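We have chain A already, so just place chain B on it with the hints.
2 protein chains.
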Amino acid sequence: MSTRSLDNLIARLNRLPGVGVKTAQRLAFHVLSMPAEEVEGLSSALLEAKSRIHYCPVCGNYTEEELCEICSDNRRDRSLICVVRDARDVSHLERMREYRGCYHVLGGTLSPMDGVGPDDIRIAELVSRVKEGQVKEVILATNPDVEGEATASYIAGKLKELGVKATRIAYGIPIGGNLEYVDEMTLFKAMENRREV
Amino acid sequence: MSTRSLDNLIARLNRLPGVGVKTAQRLAFHVLSMPAEEVEGLSSALLEAKSRIHYCPVCGNYTEEELCEICSDNRRDRSLICVVRDARDVSHLERMREYRGCYHVLGGTLSPMDGVGPDDIRIAELVSRVKEGQVKEVILATNPDVEGEATASYIAGKLKELGVKATRIAYGIPIGGNLEYVDEMTLFKAMENRREV
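Chains as they are written, first to last, in this note's numbering: chain A, 1 to 197; chain B, 1 to 197.
Bear in mind the hints are in silico, worked out from the structure with no lab data behind them. Bear in mind the structure is a predicted one, so any value in this text is a computation, not a measurement. It is possible that part of the hints are untrue.
When chains are identical, the list treats them as one kind, so a pair holds in a single copy or across two.
[As the list claims (entries may be wrong)] Pairs of lysine to aspartate or glutamate residues, derived as EDC-like cross-links and limited to a Cα-Cα distance of at most 20 angstroms, are as follows: (1) LYS22 / ASP89; (2) LYS22 / ASP86; (3) LYS189 / GLU147; (4) LYS22 / GLU94; (5) LYS160 / GLU40; (6) LYS189 / GLU149; (7) LYS165 / GLU137; (8) LYS158 / ASP120; (9) LYS165 / GLU132; (10) LYS131 / GLU161; (11) LYS189 / GLU69; (12) LYS160 / GLU137; (13) LYS189 / GLU98; (14) LYS160 / ASP7; (15) LYS136 / ASP73.
The following block holds chain A by itself, in its conformation from the complex:
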């Protein structure tokens, strides 16, 4: 083949999530048409992100520094911890620009079917943080699916033993949504958790 390096690039792009063969081809041909500096920039951005980014030893969020941006920020409320599945969720929640507490990234959710037990995710680390005594409330913000619920209940049980308040993010209809497209379970939860206005 006279285009081995192009085929290799297509194959590697095709391994990325959500990138099918057609998209990989389109991206690869685009790369060939990009200025060389742009390609070099993208190539080294990949290496740099991979080599520099690591997990914050306190909360498990992504960081380039010793501690992550949130754990090293003294204005953040250390008595409040929001528990999430992975580091991506931290950036999703930070987009609110409202939450002033800290986070704890579990690095997964309990899933007996996949062999993921309490020792496989960062629950012990959360318990030690809580045991330090500063934490007043832990918000359980795992996903509202089977594994997320199971993980939230398991952690809630552990926190009860430690005498710390555990809360779960609210279920209800999404803002800007249409009742027609909201599933029955969500509607039921939205009705159940109705508030006086």
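Same frame as chain A, but now just chain B:
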């Protein structure tokens, strides 16, 4: 920011065609979770494809060698040239595994609105190839849009002057398509070009 290299990766991925901010984030987070060798592989695949791939001096197709795979293949029929807009079209047409002639990549289509005239695309190169005397037929396979049609007619005119047969790929309903979703112009062309069975 404690995630500057991650933000840089997201920004660079976001510049790729069809990659919005959300997709760029998803890809970047995936890169962080990939084994280091995989990231290094992707990073160097980008550099290698960009540095090794160039245009075939005969037909304008992509190649790593002096001539492209098709131009250096003696079993290909050199009396037949298929004219396409860009090198991607060559790989699309090659997927048929039926065409045994050669190609000529224009590197664009005539578009007076965008300031692309006959001297900006590889028409002169096509004319020289035809003038060498071996070519019997030129198939015009530019896209069936305004620019593609204009380019095909322009080249057909040039070929007529040289006394070489010029053909245009057929218009009609796509195989596996549904008449309901075929536009009127295509239906008209399909009726007009009907064949006795």
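Alpha-carbon proximity between LYS22 and ASP86, which holds within one copy, between copies, both or neither at 20 angstroms: between (30 angstroms within a copy, 16 angstroms between copies)
Classify it for me, LYS22 with GLU94: is the Cα-Cα distance of at most 20 angstroms met within a copy, between copies, both or neither? between (34 angstroms within a copy, 15 angstroms between copies)
First find the shortest C-alpha distance between LYS189 and GLU69 inside one copy, then the shortest across copies, and answer within, between, both or neither for a cut-off of 20 angstroms. neither (35 angstroms within a copy, 63 angstroms between copies)
Within a copy, between copies, both or neither: which one fits LYS189 and GLU98 at a CA-CA cutoff of 20 angstroms? neither (24 angstroms within a copy, 60 angstroms between copies)
Intra/inter-copy verdict for LYS189 and GLU149 if alpha-carbon distance must be at most 20 angstroms: Within one copy only: 14 angstroms inside, 58 angstroms across.
Is it within, between, both, or neither for LYS165 and GLU132, if the alpha carbons may be no more than 20 angstroms apart? within (15 angstroms within a copy, 85 angstroms between copies)
From the Cα coordinates, with 20 angstroms as the cut-off, is the pair LYS136 and ASP73 best called within, between, both, or neither? This pair counts as within: shortest intra-copy Cα distance 18 angstroms, inter-copy 74 angstroms.
If the cut is 20 angstroms between Cα atoms, do LYS189 and GLU147 qualify within a copy, between copies, both or neither? within (18 angstroms within a copy, 56 angstroms between copies)
Same-copy or cross-copy closeness of LYS22 to ASP89 [CA-CA at most 20 angstroms]: Cα proximity of LYS22 and ASP89: across copies only (13 angstroms, versus 30 angstroms in one copy).
Between LYS131 and GLU161, at a C-alpha cutoff of 20 angstroms, which is it: within one copy, between copies, both, or neither? For LYS131 and GLU161, the Cα distance is within 20 angstroms only inside one copy (11 angstroms; across copies 89 angstroms).
For the identical chains here, do LYS160 and ASP7 meet the 20 angstroms Cα criterion within one copy, between copies, both, or neither? neither (56 angstroms within a copy, 38 angstroms between copies)
Are the CA atoms of LYS160 and GLU137 at most 20 angstroms apart within a copy, between copies, both, or neither? So LYS160 and GLU137 pass the 20 angstroms test inside one copy only (11 angstroms; across, 82 angstroms).
In summary, the numbered hints that this structure violates are 5, 11, 13 and 14.
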